[in-house]
Amino acid sequence: MMPTTITLPSTEQEIGPRRPGAIYQNVDGRFEVLALITNPHEAAQLLRRGGARWAVIVRDTLRPDGQPYAVGSVWTTSDYLIRPAKAVEPVAAFAPAA
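The numbers in my numbering rise by one with no breaks, and the one at position 8 of the sequence shown is 1496.
Worth flagging that the hints you see were computed from the coordinates, not collected in a lab. Possibly wrong hints are sitting among the right ones.
Computed cross-link-like contacts, SDA-like style, restricted to lysine to any residue with a CA-CA straight-line distance of at most 20 Å [stated by the list, open to error]:
hint : residue 1 : residue 2
1    : K1574     : T1493
2    : K1574     : I1511
3    : K1574     : P1497
4    : K1574     : V1515
5    : K1574     : P1491
6    : K1574     : T1492
7    : K1574     : E1500
8    : K1574     : D1548
9    : K1574     : T1549
10   : K1574     : R1518
11   : K1574     : I1494
12   : K1574     : W1563
13   : K1574     : P1505
14   : K1574     : L1524
15   : K1574     : R1541
16   : K1574     : P1528
17   : K1574     : Q1513
18   : K1574     : T1495
19   : K1574     : I1545
20   : K1574     : M1489
21   : K1574     : E1520
22   : K1574     : Q1533
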C-alpha cells in the first residue's frame, strides 16, 4: 500500500490578496490590512498558536473604535477584495559616490 501524500496550500494561497493597504470583507466585517507578518516565530507569538506560519494585522473599518488585531484565518471564497494593496515602489539604485 502506497503512502498518501497530502499537499498543503502555500503561504501565498492561504494569505490571498491581503497585503498592507488592501481592504477586504467577509461575514465578520470589513478589514483594512495594516501589516503582513511572514516570520513564523513572530506570527506564532501574535496568534498564540505554535504552528502559525503567518499573521495579518487588520482593523475593522466598520467599527469607529476598531483596534488593530492579528488574524490567522486563511483566505476563502467567502472573503472578497474591496480595494487591492497599493503597489510598492521599487527602491532606486544608488550610484557610487565620486
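Hints, verified against the model:
At roughly 37 Å between alpha-carbon atoms, K1574 and T1493 are farther apart than 20 Å, so this suggested pair is violated. With a CA separation close to 11 Å, the supplied pair K1574 and I1511 stays within the 20 Å bound. Our distance criterion of 20 Å between C-alpha atoms is broken by K1574 and P1497, whose separation comes to about 25 Å. Among the hinted pairs, K1574 with V1515 is inconsistent with the structure: their alpha-carbon atoms are about 24 Å apart, more than 20 Å.
About 44 Å separates the Cα atoms of K1574 and P1491, which puts this hinted pair outside 20 Å; it is violated. Straight-line distance between C-alpha atoms of K1574 and T1492 comes to about 41 Å, which puts the hinted pair past the 20 Å bound. Taken as a hint, the K1574 and E1500 pair is honoured in the structure, with Cα atoms around 17 Å apart against an allowance of 20 Å. This hinted pair checks out: K1574 and D1548 have alpha carbons roughly 19 Å apart, not beyond 20 Å.
Taking the CA atoms of K1574 and T1549, the gap is near 17 Å; set against the 20 Å cutoff, the hint holds. A threshold of 20 Å between alpha carbons decides the hint, and for K1574 with R1518 the separation of about 17 Å falls inside it, so the pair holds. For the proposed pair K1574 and I1494, the alpha carbon gap of about 34 Å is over 20 Å, so the pair is violated. Restraint check for K1574 and W1563: the C-alpha separation of about 19 Å stays at or below 20 Å, so the hint holds.
A hinted pair counts as satisfied when its Cα atoms are at most 20 Å apart, and K1574 with P1505 qualifies at roughly 11 Å. Simply put, K1574 and L1524 have alpha-carbon atoms about 14 Å apart, close enough for the 20 Å limit, and the pair holds. This hinted pair does not check out: K1574 and R1541 have alpha carbons roughly 24 Å apart, beyond 20 Å. Taking the CA atoms of K1574 and P1528, the gap is about 24 Å. The hint is violated against a cut of 20 Å.
Of the pairs offered as hints, the one joining K1574 and Q1513 holds, with about 17 Å between alpha carbons and a cut-off of 20 Å not exceeded. Distance check on the hinted pair: K1574 and T1495 sit about 31 Å apart at the alpha-carbon level, beyond 20 Å; violated. With a CA separation close to 16 Å, the supplied pair K1574 and I1545 stays within the 20 Å bound. A threshold of 20 Å between alpha carbons decides the hint, and for K1574 with M1489 the separation of about 50 Å lies outside it, so the pair is violated.
Distance hint between K1574 and E1520 is fulfilled; the C-alpha atoms sit about 12 Å from each other, no more than 20 Å. About 27 Å separates the Cα atoms of K1574 and Q1533, which puts this hinted pair outside 20 Å; it is violated.
Violation of the numbered hints given earlier is confined to hints 1, 3, 4, 5, 6, 11, 15, 16, 18, 20, 22; the remaining hints are satisfied by the structure.
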